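Top to bottom, those sequences are chains A and B. Heads up: the first sequence at position 344 corresponds to 344 in the working numbering, and the numbers run straight through without jumps. Heads up: the second sequence at position 203 corresponds to 203 in the working numbering, and the numbers run straight through without jumps.
Since the hints were derived computationally from the structure, they do not count as laboratory data. Please note: incorrect hints may appear among the correct ones.
To be verified - Restraint-style ranges between C-beta atoms, simulated for each label pair:
{"no.": "1", "chain 1": "B", "residue 1": "Lys103", "chain 2": "A", "residue 2": "Arg350", "range": "18 to 24 Å"}
{"no.": "2", "chain 1": "B", "residue 1": "Lys109", "chain 2": "A", "residue 2": "Ser256", "range": "28 to 34 Å"}
{"no.": "3", "chain 1": "B", "residue 1": "Asp218", "chain 2": "A", "residue 2": "Lys67", "range": "58 to 64 Å"}
{"no.": "4", "chain 1": "A", "residue 1": "Arg70", "chain 2": "B", "residue 2": "Lys85", "range": "43 to 49 Å"}
{"no.": "5", "chain 1": "A", "residue 1": "Lys209", "chain 2": "B", "residue 2": "Asn191", "range": "41 to 47 Å"}
{"no.": "6", "chain 1": "B", "residue 1": "Lys109", "chain 2": "A", "residue 2": "Arg396", "range": "53 to 59 Å"}
{"no.": "7", "chain 1": "B", "residue 1": "Lys78", "chain 2": "A", "residue 2": "Asn210", "range": "40 to 46 Å"}
{"no.": "8", "chain 1": "A", "residue 1": "Gln356", "chain 2": "B", "residue 2": "Phe226", "range": "17 to 23 Å"}
{"no.": "9", "chain 1": "B", "residue 1": "Phe226", "chain 2": "A", "residue 2": "Asp418", "range": "41 to 47 Å"}
{"no.": "10", "chain 1": "B", "residue 1": "Gly169", "chain 2": "A", "residue 2": "Arg350", "range": "24 to 30 Å"}
{"no.": "11", "chain 1": "B", "residue 1": "Lys85", "chain 2": "A", "residue 2": "Lys209", "range": "35 to 41 Å"}
{"no.": "12", "chain 1": "B", "residue 1": "Gly169", "chain 2": "A", "residue 2": "Tyr57", "range": "46 to 52 Å"}
{"no.": "13", "chain 1": "B", "residue 1": "Lys109", "chain 2": "A", "residue 2": "Phe400", "range": "55 to 61 Å"}
{"no.": "14", "chain 1": "A", "residue 1": "Lys397", "chain 2": "B", "residue 2": "Phe226", "range": "46 to 52 Å"}
From a predicted model like this one, the values you see are computed outputs, not experimental measurements. Quick reminder that beta carbons are idealized off the backbone N, C-alpha and C, glycines included.
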Amino acid sequence: MKYHLITLGCQMNISDSERVSAVLEKMGYQKTDNEEEANILGILACSVRQKPIDKVYNKIARWNRWKNKRNLITFVSGCVLPADKEKFLKTFDFIFPMSELAAFPDMIREYGIVTPAGLKAPQPVMPKNEHIVDLWHIQPKYQSTYEAFVPIQNGCDKFCTFCAVPYTRGREVSRPSGEILEEVRHLVNQGYKSITLLGQNVNSYGLDKNGEEITFAELLRLIGEYGKQSGQEFWVYFTSPHPQDMTREVIEVVASYNCLAKQIHLPMQSGDERVLIKMNRRHSMDKYRKIVADIRELIPQATLFTDIIVGFTSESEPEFQNTVAAMHEFKFNMAYIAMYSPRPGAASYRWENEVQQDEKKRRFHELSEVMKIHTREYNQSLLSKTLRILVNGTDRKTGFSTGLTEGKISVRLDRRYDSLNGQIVDVKITGVADFSVSGEKVQTPALPKNERELVREK
Amino acid sequence: MMTDVKQQIKIDESFYKVENIRKLTDNTISLSLPGSRFKYKAGQHISLGIHGNYQSREYSIYSGANDKNLEVLVKEVKDGYFSPKLSHLKPGDLVEVHGPFGKFFIDEKLIPNNKFVFIASGTGIAPFRSMVRTHANLDYTLIHGVRYSNEAYDKHEYAPGRHILCTTGDKNGNYHGRLTGYLNECSFAENTHFYLCGNSNMIFDALEILKEKGFDRDHIHCEVYF
Ligand SMILES: Cc1cc2nc3c(=O)[nH]c(=O)nc-3n(C[C@H](O)[C@H](O)[C@H](O)COP(=O)(O)OP(=O)(O)OC[C@H]3O[C@@H](n4cnc5c(N)ncnc54)[C@H](O)[C@@H]3O)c2cc1C
Ligand code: SF4
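Can you build the whole structure from these sequences, using the hints too?
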């Protein structure tokens, strides 16, 4: 018996899908990439944009056509908006929130009865996250042998006006710190090199527990201490933090431990005060500036990534130009720029979408060009340095190996080193492009732990 | 398993029965629900749904944190989808409540030594009524911008001199003209904290005026409705 799982959207869904796989494989199902030979077909949906939701509708229409030819079970989970949930109830055999994953085997065994999520009694529009802890108890089946995502927090209470996550994922719930540390230790013991702590508001960790759980800074410190004792080389990232809850203490802790990667993803969304207010981002540009100043002071070698939306509802040209100015000011190493599109369920969906698509495209291109100036300038500064690189695959065009620096700058290597996949090696940077660098693997004698810092990016 | 699942058919604790409806103007009501099953801070909002409808909207809590009932102030928006449905609710109807949400509340430590200026357009007054009913000894001034003076929802509840009504459509308020016009003429003590709520254009204009008057963004808190 085989299962086929389609995962759409963000890293959170990818992490959740590892737990879905674990549950199905424990039941004896084997994974297949070929949907035509599967008996269980599932989708982890994403509601951030319309396209992935359209994909869910297309898939289920196709799968339902196969139903009179063979025995099939279909399910959908992940981020599903209430309006889509209503429709999916009619087309999928199962629809359940991730927090009910632990009960999934029972649902399959009792196939034919409605699932709790499908009952017609008054069911809340907003998912309750109380049982999310059951999801975290499931040991995931990691997709990679050297890179893993560890959920530490789920849900969001921030209500940015462009985002529907609070309606699809429910309230902020933090995972017990003991479990997180256990999972991180387990991964390090297994030789994992890149571990990303995941959460919709990763640095709001613990705040929902009103003092009964440690803070995000304290969690990082414990991981840092463990990293020190372990004697292993690995990099711990976290995403996505919210500027509102970003403290100097978090930055101090990242600065203090080798295993806490010197890469910070800090979504800015807009460089304009008014747009930030309309987005309900709850921080001023001064607050953002202060955080970046703290990062630059305490971790000068850190790379800085961000998310930006252009063309939000009524964004004017001068407001957009403030974002351009911010791009020059903060010199991001990477900005994930999105053209605003109203998301069903989000507050701004109801507001007029005043900026024309062509204008959004223009702003997107203008901002991308500005970003390029700064990414290239930074990449240039890496030239002839020797950096630690995590080898993570092969370049489709050249067939040569690729990797990432600790700061998540993409590196193209001089040839193919299959045996090094998942290892951290020394690479001398010999070439520079807008969004990547290239280099040659060099032989470096293994360094004692405390000297590794010397060969990090400065 | 069958019975286990069936047992879960019960009214979820997120559902509340409407207890009372007060009509404040032709198109604005105060919807009163039983006391909330959660603790909230004055200024926070809830998300409100109607049983049988998968949509929901956000509404600031209009009651004080210690009041017996949970109240919201709802204006029926012309051609709106949801607010007209709320306006047609009757006592006994089932609504779905989630929350409390948001950070638009006062840091209680600031209350003894600071002044508070609340600036609201229309139903943006809702969180401020909650704050005034919750915190005794609040040194506040509420500047409320509306079109007509009958939109001064529950004005009688505020202490004399603390509620400044700015009206553009009639001359029955304390100030005839836009709220921002009044704000321009005011001067405020240095230890003032500002809370702005309602229409985003009003908030942006007020923000500029306050910044020009030399107030730091850290002292200005905003809650945008639309
Ligand atoms: C945090 C937050 C708190 C809120 N608190 C309140 C509250 O206490 N009371 C309240 O009445 N509304 C409040 N709102 C607005 C409310 O959520 C709905 O947007 C409003 O009721 C309109 O919903 P609708 O479905 O009828 O209109 P839709 O069909 O969604 O149409 C929306 C349009 O209505 C207009 N609009 C939205 N709100 C108002 C309003 N209050 N007055 C005039 N025009 C409006 C906007 O132009 C918007 O484009 C709040 C919004 C937010 C984000
Ligand atoms: S964008 Fe805003 S609302 Fe959406 S998940 Fe992030 S913090 Fe929460």
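Status of each hint after checking the structure:
no.: 1; hint: B/Lys103 / A/Arg350: 18 to 24 Å; result: 22 Å, holds
no.: 2; hint: B/Lys109 / A/Ser256: 28 to 34 Å; result: 30 Å, holds
no.: 3; hint: B/Asp218 / A/Lys67: 58 to 64 Å; result: 59 Å, holds
no.: 4; hint: A/Arg70 / B/Lys85: 43 to 49 Å; result: 44 Å, holds
no.: 5; hint: A/Lys209 / B/Asn191: 41 to 47 Å; result: 33 Å, violated
no.: 6; hint: B/Lys109 / A/Arg396: 53 to 59 Å; result: 57 Å, holds
no.: 7; hint: B/Lys78 / A/Asn210: 40 to 46 Å; result: 42 Å, holds
no.: 8; hint: A/Gln356 / B/Phe226: 17 to 23 Å; result: 21 Å, holds
no.: 9; hint: B/Phe226 / A/Asp418: 41 to 47 Å; result: 56 Å, violated
no.: 10; hint: B/Gly169 / A/Arg350: 24 to 30 Å; result: 25 Å, holds
no.: 11; hint: B/Lys85 / A/Lys209: 35 to 41 Å; result: 36 Å, holds
no.: 12; hint: B/Gly169 / A/Tyr57: 46 to 52 Å; result: 48 Å, holds
no.: 13; hint: B/Lys109 / A/Phe400: 55 to 61 Å; result: 59 Å, holds
no.: 14; hint: A/Lys397 / B/Phe226: 46 to 52 Å; result: 48 Å, holds
Hint compliance for this structure: hints 5 and 9 are not met, and every other hint is.
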